[in-house]
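Engineer: Chain A is fixed; fit chains B and C onto it per the hints.
Protein chains in written order, with my numbering: chain A, 1 to 335; chain B, 1001 to 1261; chain C, 2001 to 2264.
Honestly, I wouldn't trust all of these hints.
Stated by the list, open to error - Below, a list of computed lysine-lysine pairs in the BS3-like style, where the Cα atoms sit at most 30 Å apart:
{"id": "1", "chain 1": "C", "residue 1": "2094", "chain 2": "B", "residue 2": "1086"}
{"id": "2", "chain 1": "C", "residue 1": "2113", "chain 2": "B", "residue 2": "1086"}
{"id": "3", "chain 1": "A", "residue 1": "154", "chain 2": "A", "residue 2": "99"}
{"id": "4", "chain 1": "A", "residue 1": "227", "chain 2": "A", "residue 2": "99"}
{"id": "5", "chain 1": "B", "residue 1": "1086", "chain 2": "B", "residue 2": "1102"}
{"id": "6", "chain 1": "C", "residue 1": "2094", "chain 2": "C", "residue 2": "2113"}
{"id": "7", "chain 1": "A", "residue 1": "99", "chain 2": "B", "residue 2": "1086"}
{"id": "8", "chain 1": "A", "residue 1": "154", "chain 2": "B", "residue 2": "1086"}
{"id": "9", "chain 1": "B", "residue 1": "1102", "chain 2": "A", "residue 2": "154"}
{"id": "10", "chain 1": "B", "residue 1": "1102", "chain 2": "A", "residue 2": "99"}
What the hints assert, rightly or not - Partial list, derived from the structure: chain C residues whose beta carbon lies under 10 Å from chain B:
{"id": "11", "residue": "2026"}
{"id": "12", "residue": "2044"}
{"id": "13", "residue": "2126"}
{"id": "14", "residue": "2172"}
{"id": "15", "residue": "2183"}
Calculated directly from the structure, the hints in this document are not laboratory data.
A quick note: this is a predicted structure, and the numbers were derived from the prediction, not measured.
Note that beta-carbon positions come from the ideal geometry of N, C-alpha and C, so glycine has one too.
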Amino acid sequence: MTEAVVDVRELRKTFQVTEREEGLAATLRSFVKRRRKDVNAVAGITFRIDPGEVVGFLGPNGAGKTTTLKMLAGLLHPSAGEARVLEFVPWRRENAYLKQMTLLMGNRSQLVWDIPAADSFRVLQEIYRVPDQQFRATLTELTELLELQDLVHKPVRNLSLGERMKVEFAAGLIHSPSVAFLDEPTIGLDVSMQVRIRRFVAEYNRRTGATILLTSHYMDDVVALCKRVIVIHRGRLLYDGPLADLAERMAPYKVIVVTLHNGAAATTDLAGYGNVVAADEGRVTLRVDRQVAPERTARLVNDLGDRLADISVEDPAMEEVIDRVFTSEQTTVTP
Amino acid sequence: MTRYLRLLRLFFSTDLQYELEYRTNLVLDIVQTVVIMATSIGAILVLFSYTDVLNGWNLAAMLVLLGCFYLVQGFGELVLAPSFEKFMEHVRLGTLDFALLKPVSAQFLVTLRQFRVTNLAQMALGGVVIAVGLGRLPRVGISEGLGFAVAVVCGFVLVYALLLALSTLAFWFVRVDNLMALYWAFLDAGRFPVDIYPGWLRVTLSSAVPIGVAVTVPAQVISGRLDFFGLAALVAGTLVAFVLASRFWHIGLRSYTGASA
Amino acid sequence: MIRTYRALLVAQLQSASQYRIQSVLWMLLEVVRPVIFLAAWVAVANAQGGRVGSYDVRDFAAYYISLTFVLQIVFSWNAYDFEFEVRQGRLSPKLLRPLHPIHYAIVENFVWKLTTFIPLVICLVIVALTFDVRFRTTPAHLLLFVPSVALGAALSFLSGWVIATTAFWTTRVHAVSTLWDRGVFIFAGMIAPLALLPGVLQTLSLVLPFGYMLGVPAEILRGGVDVQTALVLMGGQAIWVVVFYVAYQRVWRAGVRQYSAVGA
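Same shape as in the complex, but just chain A (with noise of 0.2 Å):
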C-alpha cells in the first residue's frame, strides 16, 4: 500500500477572539478592558488522502476547512493532534516540504501587481531554484493549458478578476508541486471562467497526478473535481467518502418537474404523486422516494396523459444534499 500523502489525526484548533457589544459605552468599554473567548475553529479530525487523489473539503463559512488547510500547509500551528504531509510536520515550513508543495488562494493574490506576470514568474523560478529548461517545459504547457499568451506580459493590475485567476494558478505551478491546497479558487468567477478552471485542475491532476485538496461551497465545483468529500461542519468531520453516496444518504429522494399544458394547471393536484415542493405556472416540483420513482414517474406519464407537456427526473441539487447535511445536526453521516 502506498504511503498516504496526507495523514491527519486529531487535529485541532482553538482561537481567540474579542467580543464587544454595540452601543456608545460598550465602546467606552472596550477602551480600557477587552473581552476574549475561545472559538473551536477545528474540533479534532482525522483522514488520509492517497497521492493523485482530487479531495473536497465542504462546509458551511467558518465550519474550519480554511483553518484545516492552513495547517496542512504549514501556516499554522495545530493547538493538538497530528499531521503529516508527504511525511513532513508542515509547520515547520522545511524548504524540503515547501518546495513540493503549493498552496492557492481564490480571493488572495500572491503576485506583485504592478508588474507583468512573467516577471513574477522569473522571480518564483529562483525562489524555487527551478532549472531554466524545465521552467520552459512548465511554462509552456501552463500557458497552453490556461491560454495565458496574451496575459503574461501585461501589469497584473490591468487583467480582469477570470485572468488574474489563470495567472496565479501559473505562479502558482510553475514549481511543479506534487501537493496542491486551493482555497476557494473559484471564488467570484464567472460561471464560463469557473468551467475552464475546473477543466485546468481536473487535467493537471490527470497529467501530473499531483494530490489536490480544495475548498469550496460551490457545489459545481466540487462535483466536477472531487470523487470524494470531506464534509467539515463546527470544527468536526461530518462526512468522508464518495460524493455520490453522500447524496444517497442524505437526500434519498429524486425531483419529478412535472410541466403541463396551459389550462390544466389549474384543474390538476398531483399531491397524490409525493411530496409538492412547488407549483406556479404550469410547473410542478415533486419530491418522491429514489425507490418509487421510477413507478410514480410511469403513473404520472400515464394519468396525465395529454395534459402532460414535459416531464423530467433529477438527482437532487447538491446544494438542498449539503444543506440537509449542515441543518441536520447530526455528528456524522455514515457512508
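Structural biologist: Coordinates of chains B and C only, in the frame set by chain A:
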C-alpha cells in the same frame, strides 16, 4: 548566498523597469526630493544665521550631517520602508502566507522585496551635500574615508533593525501603517547631532533606538571627530541590534502561526 | 444635522477604539519635530549667551510647546485620505449619499484629536519639565487663543481640503501636498518662531497663509505678542479662512463635475 544576491538584483531591476515606465512620476519624485532637501538646508541656514557653531558643529559639519541623514534615510526609503510597508499590508490582508511558504528565508523575502529606485536620487543628493560640506572642512584621509564607509553601512543596518523591530508589532496589532510614523519620527530626530538633545532623549536615541547614532556617527567620522573605539562600539552595537531585532521578528512570526501556544 | 453628527461621532469613536495605539503613534510623530527644533534653538541660544533675539531658552521651550499643542488641534490630513479614496473608488458611494463628504473628514479629524489629547498633554508636560519652560500668557491671551486656534484649525482643514480636491484632476496629489507641506515647514513657524525668520522669509511668512495656521495661535498662547498685535494677526487669520472657504466651494464643485464627467 549568491542566490540571495541574484534575487536582490531581480527585485531591484523589476522595480526599475516599473518606474521607468512612468517618466513623469519619476521626474516629479526627483523634483520633490530636491525641494525637500533644499528646504531642509534652508532650515539649517536659518539656524546658522544666528550663530557660527551649534554644540561644537559648524555649518560645514552640519551640512555633512544633513547629507548623512539623507544618505541613510534614502537607503531606508530605497528598499526597507517600501518592503516593510508591504509586509504590514500583507499581514493585514492575509497574504503574508505566500511569503512564508516559499523555500527562501521569510525574513529576507519580506524585508528586502520591494524597491523604490527613485530614492537613489535622495541618496545621491545626500552624497552631494556631504561633499559640499566636506569641501569646507580640513582635509579628509583614507582612514576617515574607510571609517565613514563602515559607519554608513552600520547606519543602514541600524535602520533595518529599527524597522524590523517596529514591523514585528504588526503581528499583534491589526492596523499598523502608523508604525511607520514612529520610524519617521525617530529617524527625523537624526537630522541634528544627537548631542543637542537633553539627557534622556539623547540616551534613548543613542542606545534604545540608535537612529541618532546611525546618522551622527558617520558624520563624526568623516569630519574627523570620532576615534577608533567609538567606531568599534558602533559596529558592535549594530550587530547586537540586528540580532535582537531578528530574534524579535521570529518570535512575532511564531506567534502569527500560533506556534507559541 | 446634529443627529447626523452624533451618529457619525459614535461610529468614528468605535472605529477609533480599534486603532488607539496607532493614533498615539501618529501623535508622537507630531511631537517629535517641534522638539527637535526646540533642542536646536536651545543649542543656538546657548552658543549665543543664552538668548536669540527676544527669546531665551525658556521662551523657546514655551513657544515650541505651544506650537505642538496648536499643531495637535489644528492638524489635518485630508489630502492623503481623500486621494486614497478617490483612487480606490470609495468616494463614489459617499457622493451618492445626501451628506457632503467633508463632514466625514471633520468628524474623523475631531475624534482623532479627542482620543490623542491626553497622551499629548502628558508628552508636553514631560517636555516642559525637561526644558524648564516659562510662559508669558495673560488671561487676555487665553481668551484670544480660543478663537485664534479655531481659525487656525479651520484654515488648516480648508486648505488641506482644497489640496485634496486636486485629486479629482491628477493622480499626483502627493507632489502638490509635498510642496504645501514644505511651505508649512518653512513659513508656519516650525523651523523658527516667525519673529526670528530672517529678512525676506519673515515678510513672506506674514503674507502667506502658513503662519496663520500655526505660528500665530502658538505665539498668542505663549503670550509672545501683545494684545493689539494679536488682534491684527487674528484678522489675517480670518482673511485667509475666508479665502480658502471660497476656494473650497469653487474647487469642490468643479471637481465633482469633473469626476462625474469622467465616470465615478
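Engineer: If a hint holds in the structure, say so; if it doesn't, say that too.
Structural biologist: Status of the hints after comparison with the structure:
no., hint, in the structure
1, C:2094 to B:1086, "28 Å, holds"
2, C:2113 to B:1086, "28 Å, holds"
3, A:154 to A:99, "27 Å, holds"
4, A:227 to A:99, "27 Å, holds"
5, B:1086 to B:1102, "17 Å, holds"
6, C:2094 to C:2113, "23 Å, holds"
7, A:99 to B:1086, "24 Å, holds"
8, A:154 to B:1086, "22 Å, holds"
9, B:1102 to A:154, "24 Å, holds"
10, B:1102 to A:99, "7 Å, holds"
11, 2026, "5 Å, holds"
12, 2044, "5 Å, holds"
13, 2126, "9 Å, holds"
14, 2172, "6 Å, holds"
15, 2183, "9 Å, holds"
Hint compliance for this structure: no hint is broken.
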